[in-house]
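Undergrad: Input sequences plus hints: build the corresponding full structure.
Residue numbers (the working numbering), protein chains in the order written: chain A, 1 to 114; chain B, 1 to 116.
Please keep in mind that the hints were generated in silico from the structure rather than gathered at the bench.
Treat the hints with caution; some may be incorrect.
[Stated by the list, open to error] Some, not all, of what chain B presents toward chain A, calculated at C-beta under 7 Å:
no. : residue
1   : Tyr54
2   : Ala100
3   : Ala103
4   : Lys108
5   : Gly109
The C-beta atom is built at its ideal place from N, Cα and C for all residues, glycine as well.
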Amino acid sequence: NAGVTQTPKFQVLKTGQSMTLQCAQDMNHEYMSWYRQDPGMGLRLIHYSVGAGITDQGEVPNGYNVSRSTTEDFPLRLLSAAPSQTSVYFCASSYSRQAPYGYTFGSGTRLTVV
Amino acid sequence: AQKITQTQPGMFVQEKEAVTLDCTYDTSDQSYGLFWYKQPSSGEMIFLIYQGSYDEQNATEGRYSLNFQKARKSANLVISASQLGDSAMYFCAMRVFNQAGTALIFGKGTTLSVSS
Numbered sequence: 001n002a003g004v005t006q007t008p009k010f011q012v013l014k015t016g017q018s019m020t021l022q023c024a025q026d027m028n029h030e031y032m033s034w035y036r037q038d039p040g041m042g043l044r045l046i047h048y049s050v051g052a053g054i055t056d057q058g059e060v061p062n063g064y065n066v067s068r069s070t071t072e073d074f075p076l077r078l079l080s081a082a083p084s085q086t087s088v089y090f091c092a093s094s095y096s097r098q099a100p101y102g103y104t105f106g107s108g109t110r111l112t113v114v
Numbered sequence: 001a002q003k004i005t006q007t008q009p010g011m012f013v014q015e016k017e018a019v020t021l022d023c024t025y026d027t028s029d030q031s032y033g034l035f036w037y038k039q040p041s042s043g044e045m046i047f048l049i050y051q052g053s054y055d056e057q058n059a060t061e062g063r064y065s066l067n068f069q070k071a072r073k074s075a076n077l078v079i080s081a082s083q084l085g086d087s088a089m090y091f092c093a094m095r096v097f098n099q100a101g102t103a104l105i106f107g108k109g110t111t112l113s114v115s116s
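TA: See the structure below:
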C-alpha cells in the first residue's frame, strides 16, 4: 500500500544506546520531515529534507542525525539515547512545497528511553 | 521565526453545537500556508483543511471551515454540528520552507471533547 512506513512501531532503549528510526515512502515525494510529539507540546520539527543529500535542522535537532541517500528513505538516528528523547516520533512526506494536501504522515514510532 | 499559538488546551461542546478552535500565527513571509490536523486517540494525523495566504475566501471542507483573518494573523477552525467522533486533539500548523525543503510548524494543540 502506498504511504509512509515507519519502523519499528515501539522501541525501548537504555540510556546511551544508539538506534535508527526508519522512514520510507513509495510515493516519489521529494520532501520528507521528522517530528516528535510530547504531551502538551504538540509536534515539533526535528529535521527535514528536499531530496538526496539535502537536509536541514528544525526546532529541536539536538541529539538527532539524519541523512538522505535516496528519495524513498529518510532515517533518523539517535547516537546516544537519553530519557529526554522518550517521545512519539512521526515521519511525513510531501510531493510539492505548494500543495495543500501533500503532507502524508506515518503511523509513528513510540520510543521509551530508560 | 515562524510560530503557531493555540491558547485553548481543552474545549467542551455538546453534540450538534458549533465550536471554534483558536489559532494565531506569526511569520514575516508574505506567502504561507496554514493547516489544521485532527489526531484521534488512535494517534494518526488526519488532514482537515488548508488556507493559503493569498486565498481571498475562507476555506471550507464539509463541516469544517477556516475563519481566516489575515490582519489579525488568526486562522480559527470552525466545526459545525459537532459529532461524538469529533472528540480528538486538533493541531494548527504552518508550512515553512527554504532551500532544504518544506515542513510544518505546529501549535501545541487543543483537545476537543464532544458529549451527548
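Undergrad: Minimum Cβ distance from tyrosine 54 of chain B to chain A below 7 Å?
TA: Tyrosine 54 of chain B check fails; min Cβ-Cβ to chain A is 11 Å, beyond 7 Å.
Undergrad: Would you settle whether the hint for alanine 100 of chain B is holds or violated, based on the nearest Cβ-Cβ distance to chain A being less than 7 Å?
TA: 3 Å, holds
Undergrad: When the nearest CB of chain A is found for alanine 103 of chain B, is that gap smaller than 7 Å?
TA: Holds: closest Cβ of chain A sits about 4 Å from alanine 103 of chain B, inside 7 Å.
Undergrad: Is the interface hint satisfied for glycine 109 of chain B? The criterion is a beta-carbon contact with chain A at less than 7 Å.
TA: 5 Å, holds
Undergrad: Hint check: is the beta carbon of lysine 108 of chain B less than 7 Å from a beta carbon of chain A?
TA: 4 Å, holds
Hint 1 from the earlier list is the only one contradicted by this structure; the remaining hints agree with it.
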